[in-house]
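Student: Turn these sequences into a full structure, and let the hints steer you where they fit.
Protein chains in written order, with our numbering: chain Z, 1020 to 1708; chain A, 1020 to 1708.
What the hints contain is simulated information worked out from the structure, not anything from laboratory work. Check before you lean on any hint, since a few could be wrong.
Below are the PhoX-like pairs computed for lysine-lysine, each with C-alpha atoms no more than 20 Å apart in a straight line [claimed, not checked]: (1) K1352(A) with K1186(Z); (2) K1707(A) with K1159(Z); (3) K1252(A) with K1703(Z); (4) K1159(Z) with K1703(A); (5) K1695(Z) with K1252(A); (6) K1252(Z) with K1703(A); (7) K1707(Z) with K1695(A); (8) K1352(A) with K1559(Z); (9) K1563(Z) with K1352(A); (10) K1252(A) with K1616(Z); (11) K1096(A) with K1695(Z); (12) K1703(A) with K1096(Z); (13) K1563(Z) with K1648(A); (14) K1096(Z) with K1695(A); (15) K1352(Z) with K1563(A); (16) K1252(Z) with K1707(A); (17) K1159(A) with K1707(Z); (18) K1352(Z) with K1186(A); (19) K1102(A) with K1703(Z); (20) K1096(A) with K1703(Z); (21) K1060(Z) with K1106(Z); (22) K1352(Z) with K1648(A); (23) K1563(A) with K1648(Z).
Selected chain Z positions facing chain A (Cβ under 8 Å, derived; list incomplete) [said to hold, decoys possible]: (24) Q1092; (25) I1170; (26) T1177; (27) P1251; (28) E1255; (29) G1259; (30) Y1467; (31) A1554; (32) S1558; (33) T1633; (34) Y1677.
Virtual Cβ for every residue (Gly too), placed ideally from N, Cα, C.
2 protein chains.
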Amino acid sequence: MEDLSFIPDISSGPLDVYRKSASFDWKRLKLALEGDIELLKLKYKIWHTLENDPLFAHNRVTPTVDEQKRITQLQLKRINEYKFHTKETFRSSYTKRTRTLMTINEAVQSLNPSVSVKMAIGIYLVSNALLSLGTERHLKFYEAIIVNREILASMSLTEIAHGSDAKLMRTTATYDARTRQFVVHTPDFAAAKCWVGNLGKTCTHTLLFAQLITPDGTNHGLHGFIVPIRDPKTLETYPGLIVGDMGEKIGVHGIDNGFVMFNQYRIPRESLLNRTADVTEDGVYESSFSDPSKILGAALENLSAGRVGIMQESCHSISSAVAIAVRYAASRKQFGERDAEIPLIEYELHQWRLFGYVAAAVVFRVYVESFTRVYLGFVEKSNAGIRVDNLSEAVSEIHAMVSCSKPLLTWTVLQAAQQCREACGGHGFLKCANLGDIRSNHEPTVTYEGDNNVLSQQAGNWLLRQYASARAQAAVDSPIGTVTFLADHARILQQLFHGTETRHLKTAEFITSTYKWLICWLLQQTHDKYESEMASGQSKFQAKTKSQVYRWKSLTTVYAEYLVVIFSLESIEKKEKELQPVLYKLFYLYGLWSLDKHLVEMYQGGYARGEAPTRLIRAAILELCAELKGEIVSVVDALAPTDFVLNSVLGRSDGNLYQNIEQALFNAPDTIGRAKWWRQAVTKTTSKL
Amino acid sequence: MEDLSFIPDISSGPLDVYRKSASFDWKRLKLALEGDIELLKLKYKIWHTLENDPLFAHNRVTPTVDEQKRITQLQLKRINEYKFHTKETFRSSYTKRTRTLMTINEAVQSLNPSVSVKMAIGIYLVSNALLSLGTERHLKFYEAIIVNREILASMSLTEIAHGSDAKLMRTTATYDARTRQFVVHTPDFAAAKCWVGNLGKTCTHTLLFAQLITPDGTNHGLHGFIVPIRDPKTLETYPGLIVGDMGEKIGVHGIDNGFVMFNQYRIPRESLLNRTADVTEDGVYESSFSDPSKILGAALENLSAGRVGIMQESCHSISSAVAIAVRYAASRKQFGERDAEIPLIEYELHQWRLFGYVAAAVVFRVYVESFTRVYLGFVEKSNAGIRVDNLSEAVSEIHAMVSCSKPLLTWTVLQAAQQCREACGGHGFLKCANLGDIRSNHEPTVTYEGDNNVLSQQAGNWLLRQYASARAQAAVDSPIGTVTFLADHARILQQLFHGTETRHLKTAEFITSTYKWLICWLLQQTHDKYESEMASGQSKFQAKTKSQVYRWKSLTTVYAEYLVVIFSLESIEKKEKELQPVLYKLFYLYGLWSLDKHLVEMYQGGYARGEAPTRLIRAAILELCAELKGEIVSVVDALAPTDFVLNSVLGRSDGNLYQNIEQALFNAPDTIGRAKWWRQAVTKTTSKL
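Tutor: Written out as structure tokens, the structure is:
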């Protein structure tokens, strides 16, 4: 057994009673959820290092937004100086290097999401894009950005009037053969690049996507360029640019999101990221699809890496949220019989409100850890030029998986954060409970890196293509194997709900087979609706828009839940024996709690009939809640970061709820004493009361 | 027809196309939703007055929390000075006076919720409580608080360790016959009164609820006292008190929520609010239930007035949120065919995401307006000593109605605010879109004035009592008539889903009869579960906790939706003819959109069978969305306050979306130019890039 003494023990206190009832060692579960002891050690190293650095100390009073931007920038610089990544990191395998960088990102994100977003965009995303879209001449930027951390970059894609529809971006880069430069131009404010993280105040370069126009007037579509924005020495912007900050937002206040308008701004020809296409000095456009598998691998990485990162971060956000709410529920007493008050966690309603999200936190982590391995394995093989069968099909499948998983995870975590806040009552509304910040910092993830509603439609496209193949008795293109079962769709659609007792439902077989039926049925519904719209004379575009509600959208949700189910199941089967009982309970709870949301479709499609399916699924959920009550505090101990990182007066591991609130109140600077502005607050009165 | 020229016209612009397609005059609808032209005029008078006062100007940069508290306090003082309520207000009938004060509250809330909460607690709630719990000797406080606005009060009930369970509050007021004083004492920090609005920095008096103990040691339970906290001239707290501010919160930053610990703090005997009970000078406790009907009326008002106010405010919050999202959806284009981009509002998915909430905003307003009349009518009659049949039963029914309506409305509005933010994409994440503040300022309403999950259980208690009567063939105690149909429960439970076309579902009859079935069935389920738990030896307390999930909780939700349905229906029937088509469409949409969430119960209970019910309900919802597309912009024009009050760069009525964003960005002080802290942000580098 590995030595886990690097994980700090939890001090004895009011929660002992719930910790002693657990069937497992929470540190073992923590390791199992991380999946790699070295990465877990790295996380603790980062957390301890930052806890000991006053630059990362928590503020009792929220600084102004400008000050938050300053602190975030300094924290990022400090993290770069700590070199949690080493030169060795960049000499190791792609998978190892990337896992290390991802772990650093996760550790930082759970403490300050603004810093991790700044880092993820300005360092990881841009440097990855340089590798995949650029060539040797751009390596100096790669080195400066990610290896030496000398410059901070940004990525300019979205425009004021266009976000989801990237094709219609209107910023142009017109080649001028005379000077061998591209002339970048923004036609009007609606075409200003916007929401660009790091652009508002700090980045020196941006990776710009603009329509490439050759001297003959041909528009060759969006291409990437590396463009200087600010003088690195003075941080003043260059002439020909109007660069501004987007101003205040709802969350992630430490990020300086910015906008930029280019006024005939000239950049060298070599700024074009020219891996797939280039413009000759004379202005001739040349496409070079010499090595399709590499290009595909690169494309895959570009599209998905950011979203995989968001899924990892989402796992940490939900872990923190449920840890706070569960520890609060175990220490907060309210009502009871004969004045013997009982903790909230004893109430079935409270269990039901929270435990589904605890289960989601666990299976999401297991899923994302497992999926990340698969994902990085494909990219690594592709980068290394190893021949991968069906690479293009695998790329499509991974893209579909990410396109629906990112929405499922981010939305579920958003709901979880809200439910956790409500479950902590009024005290949950305290800023120092941290549930508000967890929520508002998480919130933009449902929009950025692909709006959830738009992004998930792409998974639907892929699923419908596979279904069409299956209907035509052709092979389903599913190298990862997530929908090979579609070959069997006709038989699956004949299946009916089976089970007469809850124990029949608390099985992997029931959960996976029900999901297979749901996917097949929703595919059929979506397909039929789409075809009937087409038959009635609608265009493909119209037919697609008319097939979203109750069909396409539900389909992609169900597919994403199925992915969580099958990946986490496969992974749980391999975990150590001692952990399996609790992991299976959490798995069953997540599966049934998720299926419960699709009961209507089960009835509509004839899979479920009568009262039994609803009664049994719901009874099983409540049984699992009761069974997990004695485990759940230790489960959240395994999910939670250190108390310093969790930063919640309600969620400290010692469970000394009221002492911790008292300490927080009496250490805030403005708690006691009249306001400085008391003279203005007084009302003149003559009456004596 | 009334002259509605006091409502400013909307300037012509990009949204004209959607406004011209409306079947009605939006100003007529606005009046119909307000229900009273004088009150509508008052609202506009307030909005225009505050728009012209720089003290109420919007900030481009969010002030510190302390500064927000200062501004809020000054705004409240200024509003008091404006005297939107007049001396006459206090001479008019109870109903008229209260409607006027409620309208002022609504108008202020839609501009700055912190001011309205400060006012609602510190002026309305406390003065109402003084009237109903106090006697003549407390009238001077009433006068000073609400008529002359000389002192600002607060209400101290919740303690650190007890919120929902008010009976277990531990603050004591022990009578000392020697000095004829009560000695107020807080045993420890867990018993500190907390979350008290206005207590943190500004109030001079608090209405305290404490356990009254007589010299013989008897605890007579919670009683109200009016207690001095700060010297009105200096705002310094008195000796014997530790008063502090709760610090930062998630929203309503302008309110100084505070806590207080009493250390043997002496107050005069006359501080006791002695309408229902008093302590003689010698220390003898005397209860005086001389006029039960008045006491009941007073109790009703105390319990419900705050919650009715929250429902009214919720209607304004959802109105603002949907106005922003719908106007954005009508002006924001994305995707389309052959590069002809189409507005988001044309997408069925987008309609489905938003229009249900627009319908909710309308029917909620109609419901609350109508319910408020009923409610105030009862209180007025009761106050005036007019004999009301079944007063105590009516009080119980109204309490049940409020106890489930406040949760339904506040939760729906919270979801609406979130959906509206997401529907505005990244731009919705801008602080100046105002959706973040609408959401976070609304959020505490699901917790305060009775936690939604706890409060709604009280409606369940009442419903189950009525069901027990109905089962026993006894009379159902429902003077308002909301559940008189329970007498018919056996026949109702025999009913089945009927209808073979969507037009059969788009009827008041279908919606109300389905709700009646749902209420009867969920009553049966909840009752049976409770009885079976009792039969298995559980205590009443345990049986109740085991009947919440899927039963009690669903029951109270369905009952609340039914109340919205029947009250809004009755009111719509009386509206002018020109408005009825659009109001009925909105009503049907709300009804079916809400019923859609209970399809599982319909199948489980055998009311629905096969695919038709789901298919028809969902088809009807999408048909209604399509039918409302041409109406919806004018509907939100009727819901929205003025542009100044709405304060959203995305939701201005002119629809000039990108110009408005441009203006907002270029008028914020920190948009352009490098950060003041640029020297710290620079990274030393030798490379030339």
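Student: Taking the hints in turn, state whether each one holds.
Tutor: Hints and how they fare:
no.	hint	result
1	K1352(A) with K1186(Z)	14 Å, holds
2	K1707(A) with K1159(Z)	9 Å, holds
3	K1252(A) with K1703(Z)	8 Å, holds
4	K1159(Z) with K1703(A)	16 Å, holds
5	K1695(Z) with K1252(A)	14 Å, holds
6	K1252(Z) with K1703(A)	8 Å, holds
7	K1707(Z) with K1695(A)	51 Å, violated
8	K1352(A) with K1559(Z)	19 Å, holds
9	K1563(Z) with K1352(A)	17 Å, holds
10	K1252(A) with K1616(Z)	59 Å, violated
11	K1096(A) with K1695(Z)	17 Å, holds
12	K1703(A) with K1096(Z)	11 Å, holds
13	K1563(Z) with K1648(A)	19 Å, holds
14	K1096(Z) with K1695(A)	17 Å, holds
15	K1352(Z) with K1563(A)	17 Å, holds
16	K1252(Z) with K1707(A)	11 Å, holds
17	K1159(A) with K1707(Z)	9 Å, holds
18	K1352(Z) with K1186(A)	14 Å, holds
19	K1102(A) with K1703(Z)	16 Å, holds
20	K1096(A) with K1703(Z)	11 Å, holds
21	K1060(Z) with K1106(Z)	18 Å, holds
22	K1352(Z) with K1648(A)	49 Å, violated
23	K1563(A) with K1648(Z)	19 Å, holds
24	Q1092	5 Å, holds
25	I1170	6 Å, holds
26	T1177	7 Å, holds
27	P1251	6 Å, holds
28	E1255	6 Å, holds
29	G1259	15 Å, violated
30	Y1467	7 Å, holds
31	A1554	17 Å, violated
32	S1558	6 Å, holds
33	T1633	4 Å, holds
34	Y1677	5 Å, holds
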